[in-house]
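A.B. asks: Each chain, written out:
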Amino acid sequence: MKVTASTISAPSRRIDSRTSVALSVVAAMLLLALAAVSTPRVFDLLIIALLFACMAMGLQLVVGFCQLFDLGYAGFVCLGAYSTGVLLTRFHWNYPAAAITSILISLAAGVILGAPTLRLRGDYFAIVTFGFAEVVVLLMRNWTALTGGPFGLGGIPDPVLFGIRLNRYPPVGYYCLLLAISTALLLSVWYLRRTMLGGQMLAVGDDEKLCAINGIDVVAVKVCAFALSAGIGGLIGSFWAIYFKFLSYLDFTFTLSVQAISIVILAGDRRLRSLLVAAAIVAPANEILRTWLRSSRLPESSRVILVGVILILLSVWRSRELSSRVGALIGRLTGGMMPSPRANQSRPSVAKYDIQHPPAVPAPFLASEVSPASCRSLEPLLVIRGLDVSFGGTKALTGLEMAVNAGEVVAVIGPNGCGKTSLLNAISGLVSSTGQMILNGVDITHEPAWSRSRRGINRTLQTARRFSGLDEAENIELAAWAAAQNPTRNVLARIATIARAAVAWLHHGHSCHAHGSDSALSSRIQMARAFARPGTLVLLDEPLAGLKEADRIAVLTKIARHRASAGAVVVVEHDLESIFRVCDSIVRLDKGRVVFSGPKHEFQLLAQSGGKPANE
Amino acid sequence: MGTHEIWQSVANGVSLGCLIGLLAVGYSLVYGVAKLINFAHGDLFTLAGYYMLFFMVGSPSGRPRHVFYFLVSTTAVVAFAWSKRFFTGPRRLLVGCGGGAVGAGAGYLLIGRSSPLFVALLGGIAFIAVAGVAFEYLVYRPLEGSPRLSYLVAAIGLSLSLQGLMQLLFGTERRTFPPSVNSQLSSLPVPHVLVGYFTGLDLLIIGFTVALTAVAAWFAKHSIVGMCIRATADEPVLAERLGLNVRFAKVQVFALGTALAAVCSFFFVARQRVLEPTLGYSQGILAFAAAVIGGIGSLGGSLLGGLFIGMVLSVLPLVNTEPLIRQLPASWVRVLPSLNLSDWGLGVVYLLMAVVLIVRPRGLLSERFWRDV
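Protein chains in written order, with numbering that gives the first Met the number 0: chain F, 0 to 615; chain V, 0 to 372.
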């Protein structure tokens, strides 16, 4: 994915400001006022537009945040609609109970479908959701006893809410109910994006591997997003049932899912503001198109053609810069009216940091007071026994034994292809391995990468990556948050301090002209992220490669400081001269085996005496 | 129900499965390189059926002249796209017009002249390949470098608009090949042992499917073009750096995949005797499910997946649930959904697909894809 410098320097673009959400709520109030003067036809239009906006918001969690292709959203709406319909007509429940049951049914369906299938790659998941929607439709067609089958389900009564019976003509009550639902949805989705769960969803959408090494349980987050979105689908369905009064499985075909997705595509980014604008364009346009076609006596197939062509144009349009230009125009128009577009006061944003005077850094973060001698203990932080890693027959590592003590810096050296990176991957759980691995006395051999990360294994990747959907502070905050498993308010405050300090470090003491470069920024972010937790194990994969002298010294200082905080560092590096300045011991690999392992001075002695450092 | 009937269903399943499998092979080919669920593959399959139908019919019954529009426009687009190698500016439009003229000429020679079977078949294959390339150029090419979701939506859009166009131009009624062709195909000889299980057409289908899959697999594995295609599929950027023409590799794959769809379409319409605009939607989804079950990117796997689905669809109605229903209390039967398994064919297919994916996330026969660690 291409990230330009402009997106880096403008973190406020990625999140809705309070002002824009407040403005949306005000718009909802205005819509409420519209209820007093509307004709039935206008009501119909408004309600359909709101329904589509709600569907788009539900879909946004999955498609927009997690970047998953959900082609079966109509299935969840269908489930919700038929549940409410059946409960109201066949079992005579009251509406609130039926609505809550429908939400729960859709939610459960989301969990049941999502938990096993969200491990699949994107396209497979897309086709599974497609199949799910078809199966739901099939179920509604074949379950004639409950759903009326091919004849449809009719006679759904007007609901009674808080003692008020909603009247169908004119549908003022329905309209107000839907308006309340959509406002509540809007606020909840907005709030979700500001919580860490929302941040994790965005992170999952950006880079799954990076999530795993940052302690984010990718599948759990995806299931969460999918189930929430399914629940929202159920809610929409339950309103659908009471409003339209008649349900036919033909209403919930693939076309409905496609329409909902097209709104998310048109919105393009992950902001609610764009989503609402898109819904306000698509839904009425669809209705107007339909009426126009009906009146002009063109066949139904021409509508299908039009929808198809519009979809193609939409996706082509989104891929071109055109859309961003129009988006910028909309931003300028709306931004000019708003008092402060960057009103994210509660979230640390880079713009606020004073680069010359960074904020005071908390003691445990720098740990400069802790003397290195006092924390050099012999208690091993990580023990590896008999580690084997193989890729389909090729052995990358064989019978590797290794121990890393707290307060120790281990340099792993060796020629290319000797298994250095495989070792780091095996320790952080990115590749499967056999053997035993014990971290802090806990056996982590069978744990997935995210859980190892939570136990205190931080690593960097050879080519630095970061979550492009999150801003700099959020990138670091997220990793620290995932590490603290049950964050209390106190811990959260500390995480925020750490993140702020880390961002200050990003900008302080470095040559500033590299700031615009994406890879330099990513590598600094990942370095700050890896060292964000004192006293843990940090794995660095060639951290010095391609750095200038000033930056090298900065990284070496970070390593030394981390060691002083009773943490351990395993560093893979080719630049021996630099790394010898900070490391305590050396592990030399060759062809997947350890050929030397011991303190730095022994290695240097061996090297000076001309003997090959080998103890095979 | 005798064993004879069971074997008949199994034989039916094999033939049907081969048809689905052949479509799935084309799907798989395109997916392997373009990494896109080409929803429009099924609709090109239908379009190929209409091409061949209107090449075969003699009298201007139906609406044969509408095929003309497709022929002219797709050849014009392809000529326009191809001319980029030689010209720039307005001269490309001239080349495009020339291409359109070629398409018109071919249409004049082929449409509504009750061409012999072979001419119709080859013409249909050639022009549907042209159409596949044209749609690749028009729809997927502008999307290069955009997120996968855009590709998916564009593919859905293309599928919908093709479906709508065919409904508008060819009408929604069900059609079939002219009786002369049908009788010609049904008089194919069958070995004595297989009479009652397979028709001559079925044997032809099975033979062609296996042969074409083998040829396509050999082509992808051993030919230079196939090697370019595989290199493009693995590392498009690296392939381009090596001087391979990545776009041309994609074009070749689209042409090949759509040509396979055309062959499949001929056999499908000849066997099932049905051709309607929405045919490709349902068949295309089945074929994609087959490709997924078999392991997308693996051609043999796709064929196997197709056989699997064909078998499920044709054997499922044989399972008699009457005794089971009779044993259940009547009050249960009244509330339960239909227990007649033939109502659930598609549902069972999707369920099996989900199960296969959960157990083997890359499909039954897929080679392991090497991904960055």
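Since the hints were derived computationally from the structure, they do not count as laboratory data. Incorrect hints may appear among the rest.
Unchecked claim - Label pairs and their computed distance ranges (CB to CB):
hint	chain 1	residue 1	chain 2	residue 2	range
1	F	L297	V	A329	47 to 57 Å
2	V	L237	F	A144	57 to 67 Å
3	V	Y68	F	K208	32 to 42 Å
4	F	G391	V	S222	58 to 68 Å
5	F	L297	V	R325	48 to 58 Å
6	F	K208	V	D233	36 to 46 Å
7	F	G151	V	Q326	44 to 54 Å
8	V	K83	F	E576	36 to 46 Å
9	V	L237	F	T397	26 to 36 Å
10	V	V209	F	D589	24 to 34 Å
11	V	K34	F	G153	24 to 34 Å
12	V	S222	F	S389	11 to 21 Å
13	V	W81	F	G151	25 to 35 Å
14	V	L317	F	I111	42 to 52 Å
From the three backbone atoms N, C-alpha and C, an ideal C-beta is built for every residue, glycine too.
A.B. asks: Hints first: check each against the structure and report whether it holds.
C.D. replies: Here is how each hint holds up against the structure:
no., hint, result
1, F:L297 / V:A329: 47 to 57 Å, "50 Å, holds"
2, V:L237 / F:A144: 57 to 67 Å, "59 Å, holds"
3, V:Y68 / F:K208: 32 to 42 Å, "48 Å, violated"
4, F:G391 / V:S222: 58 to 68 Å, "26 Å, violated"
5, F:L297 / V:R325: 48 to 58 Å, "52 Å, holds"
6, F:K208 / V:D233: 36 to 46 Å, "19 Å, violated"
7, F:G151 / V:Q326: 44 to 54 Å, "31 Å, violated"
8, V:K83 / F:E576: 36 to 46 Å, "53 Å, violated"
9, V:L237 / F:T397: 26 to 36 Å, "30 Å, holds"
10, V:V209 / F:D589: 24 to 34 Å, "49 Å, violated"
11, V:K34 / F:G153: 24 to 34 Å, "45 Å, violated"
12, V:S222 / F:S389: 11 to 21 Å, "33 Å, violated"
13, V:W81 / F:G151: 25 to 35 Å, "52 Å, violated"
14, V:L317 / F:I111: 42 to 52 Å, "30 Å, violated"
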